[in-house]
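Colleague: Turn these sequences into a full structure, and let the hints guide you.
So the sequences go chain by chain: A and B. According to full-length UniProt numbering, the first sequence holds residues 1 to 370 in order. According to full-length UniProt numbering, the second sequence holds residues 1 to 370 in order.
Hints in this document: simulated from the structure, not taken from any laboratory. None of these values were measured; they are calculated from a predicted model. Don't take each hint at face value.
Pairs of lysine to aspartate or glutamate residues, derived as EDC-like cross-links and limited to a Cα-Cα distance of at most 20 angstroms, are as follows [to be verified]:
1. B:Lys324 / A:Glu174
2. B:Lys324 / A:Asp317
3. B:Lys316 / A:Asp218
4. A:Lys161 / A:Glu239
5. B:Lys324 / A:Glu315
6. B:Lys316 / A:Asp317
7. A:Lys292 / B:Asp317
8. A:Lys324 / B:Glu174
9. B:Lys284 / B:Asp196
10. A:Lys316 / B:Asp317
11. B:Lys292 / A:Asp317
12. A:Lys305 / B:Glu315
13. A:Lys316 / B:Glu315
14. A:Lys324 / B:Asp196
Protein chains: 2
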Amino acid sequence: MSASPIYLGVVGVGGVGTAFLSQLARLPNAPKLVLLARSSQTLLAPTPAYSPAIPAADWATAAAGPSLTKTGALPAEEIASYLASAPGRAILVDNTSDINLARQYPTFLKKGISIVTPNKKGFSDDLSLWKDIFASAAEGKALVYHESTVGAGLPVLSTLKDLVATGDEVTRIEGVFSGTLSFLFNTFAPASGSSDAKWSAVVAQAKELGYTEPDPRDDLNGMDVARKLTILARLAGLEVSSPDSFPIESLIPSELASLPSSADGIAEFMKRLPDFDAQMASIKDTAEKEGKVVRYVGSIDVAAKNVKVGLQTFEKDSAIAGLKGSDNIISFYTKRYGANPLIVQGAGAGGDVTAMGVSADLIKVVQRLQ
Amino acid sequence: MSASPIYLGVVGVGGVGTAFLSQLARLPNAPKLVLLARSSQTLLAPTPAYSPAIPAADWATAAAGPSLTKTGALPAEEIASYLASAPGRAILVDNTSDINLARQYPTFLKKGISIVTPNKKGFSDDLSLWKDIFASAAEGKALVYHESTVGAGLPVLSTLKDLVATGDEVTRIEGVFSGTLSFLFNTFAPASGSSDAKWSAVVAQAKELGYTEPDPRDDLNGMDVARKLTILARLAGLEVSSPDSFPIESLIPSELASLPSSADGIAEFMKRLPDFDAQMASIKDTAEKEGKVVRYVGSIDVAAKNVKVGLQTFEKDSAIAGLKGSDNIISFYTKRYGANPLIVQGAGAGGDVTAMGVSADLIKVVQRLQ
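Modeller: Structure (C-alpha cells):
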C-alpha cells in the first residue's frame, strides 16, 4: 500500500470513452494519464519523464498545445512498450469494442500492465484467448477487471465472482442482458396492461429512439447476448469454447437474414419486417393464454453445462416479466440463496453507466497496485 | 502485491461465525488463522512464531489438543496487541454483534490491523465513533470492510460506494431492509392474490418459523432497519448523528411497549397483539382501495437530508410490492441511472449469506494488503 504513482493509458474516445475521461478527471487519487489513443491520433506524455500528464477533462485542448507528444495510431505492441517503460505500475483502459486490441491483452499483461475494459470481445471469443489472458495476467502479476462487459455498471461480474470465490454453488443464471431486447419485449408484451402494437412497429420505434444498433439485426441476432452469456458461463466454471457453441435463437426472419447491411439493405429489412408480425403475435398470444409473457433471455444451467439464448415465457408476476424500459435483470440461483435468487437490475447500457463500471474497476485496480 | 503471509483473528463462533469458518477453510490463499475468540475461551497460535495456525474447519478438535495456546476471554486491547505483533499484516474479523468490541475498532485500526465485520453496531452508533473508525484506519493505513452490515451478502454497500466514488449523484435510496418485516408484509398484504390472515396471526407464524427475534418487538420496533439506514445515509454523505435522530415508525402498539422482555412479557405481548388487528387491517384496506399494498421500508432522500423508516404504500406492480418470502430489496435512484433505479434483491439475512459477505470482504482486504 505504498503510494507510488501509477500510469494510465486509455484507448478510445467514443461514447463510453468520453464519459470515462470525464469521470477520471474527478477521481481522487487518479492514476497519471500518460497515453490517450483514438483511431487517428495518439497523445503521449513525453519520455523519459512521462510528464506532463494528459489532462483527462481537457485532453482536446492539450492536444493542440506543445507539451504533449503526438503521433498517428500506434500498434498495440508500441503502446505496451511505452506503458511498460513508465517509472511505475501501469494500467491500460480499453474503451473500444475492437477484437484486435483485445487479442493483444496478453502482450500487455505479460509486461505487467493491468487491463480494465468494457470490451466484451476478448472475454467472449475463443476459449484459448480467455485462457491466454488469465495466464498472461498471472505471469505478469497484472490484474484484469472487466465488470462493464456484462450489464454495464451493474454489479454482475463482481457478484458472480464473490459467490464463486466464497464457495457458493451457482446452479443457474438467468436474465435479460440486452437493453434493446428488453425494451422491445417490455413494449410488445407488457406484464401489466396490454399492448396492441405490432412487432415491426415496436422495432421501428426502438430504431427511431436510437435504442437499436444502426442495423437492428445486430440486436435481433442475439450475438451480443451470447457474448455476455459466454463470459458469465466461463466465470461460473464452464469451459464454453465460443459464443456460437450453444443455441442462439435469432429474431431475424431467415428470409431477411441475407439482406445486405447497407443502408438499402436495412431499409428493405424494415420494410419487409411487417410480413412476419403474425408470427410474433402468435408467440405472444400463446404465452398470454397461459397467463404468461414472452421475453428474450439468456440462461445458464451450470450443472447441466447448458447455455442458451432465446425466447422464453414467464409468469406475469415474476421479476423478469415486470422489467421496465430498457433495463437489464440478472438472477443468480445458488445453493446458499435457495429458492429466491440474488437479483441485480437496472440500466445495462449507456455511456455514463458503462463508464461508471470502468471507473469503479479502475479504482479497485489502483487500490490493489498501490 | 508481494505474497507475505497475512494473520487473521476471528471473534465470534455463533451462526455467522461458524458459517464463516467453514468458508474460510475452503478459501484459496486464506490468511493464517492465529486467534479465535468466543465468549468463554480464546485460542491462539503460540508466540513468537504465530505457528501452528488454527485449522478453521476443525478448530474445536485443535482446541482439545496441546499445540495451541488457550486462555479465557481476552480484553480487546490484548487481542489487538497480539495481532499487531504478528510478523506480517493482520486482519480482525468481528462476527459478533457486540457494541463494546465495535467501540475498540479504532484501537485495532491505529495499530494497522484491518477490520472485516457484519457487526452493524460500530457503523450505526454515534457519528463520533464512525468518524473515529475511519480516521483511525487512515492513521494506521488499515482497511475497513463491512458489506454484510446491510443486506448480508447482497452487493449493497459496495454498489453504493462505487456509485459515490465514480461521481454519480445518489438522489434516493429506498428498500425493504429487514427479512422479518419483509416476510410479515409479503404474507399479510401480498401483491398478487389476497390474504385474509390477521396481522397477529402472521406475526405468530413468523415467530414459530424462527423468522423473528425471540422477542418479536426487537423486529417490530424498526431499530434494526434504522441502523442499516444510518450506515447507508452516512456512505451517501449525510452526517446522521445516530440511528434515533430520524423518524422511526414502531409497529409495537404503545400499550404493549412497556411489557417486560421476559418470557412472560413476550407471551403477554403475543396474547394481546390481536387487540390491534383492526388497526393493521385498516391500514391494509386503505392501501388496497388505492390499488396499492403496504410495506415497511427505509428511505433516504439525499438532497433533502431526510431519512425515515416506517410504513409506505406501493403500486402492486412495483418491485418492492412484488418481493417474495423474506427477501430484501434495495433501490438506488441516481442521476446516471435516471427514472429506473439500480436494484439489488435477495436474501438479506441468514448465517451462510451473511458469512459470504464477510468472506468476500476478507478476500478483497487480503488482495489489497498483499
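Colleague: Each hint needs a verdict: does it hold in this structure or not?
Modeller: Comparing the hints with the structure gives:
{"no.": "1", "hint": "B:Lys324 / A:Glu174", "result": "holds, 18 angstroms"}
{"no.": "2", "hint": "B:Lys324 / A:Asp317", "result": "holds, 10 angstroms"}
{"no.": "3", "hint": "B:Lys316 / A:Asp218", "result": "violated, 35 angstroms"}
{"no.": "4", "hint": "A:Lys161 / A:Glu239", "result": "holds, 16 angstroms"}
{"no.": "5", "hint": "B:Lys324 / A:Glu315", "result": "holds, 14 angstroms"}
{"no.": "6", "hint": "B:Lys316 / A:Asp317", "result": "holds, 10 angstroms"}
{"no.": "7", "hint": "A:Lys292 / B:Asp317", "result": "holds, 15 angstroms"}
{"no.": "8", "hint": "A:Lys324 / B:Glu174", "result": "holds, 18 angstroms"}
{"no.": "9", "hint": "B:Lys284 / B:Asp196", "result": "holds, 11 angstroms"}
{"no.": "10", "hint": "A:Lys316 / B:Asp317", "result": "holds, 10 angstroms"}
{"no.": "11", "hint": "B:Lys292 / A:Asp317", "result": "holds, 15 angstroms"}
{"no.": "12", "hint": "A:Lys305 / B:Glu315", "result": "violated, 39 angstroms"}
{"no.": "13", "hint": "A:Lys316 / B:Glu315", "result": "holds, 15 angstroms"}
{"no.": "14", "hint": "A:Lys324 / B:Asp196", "result": "violated, 31 angstroms"}
Against the hints set out earlier in the document, violations occur for numbers 3, 12, 14.
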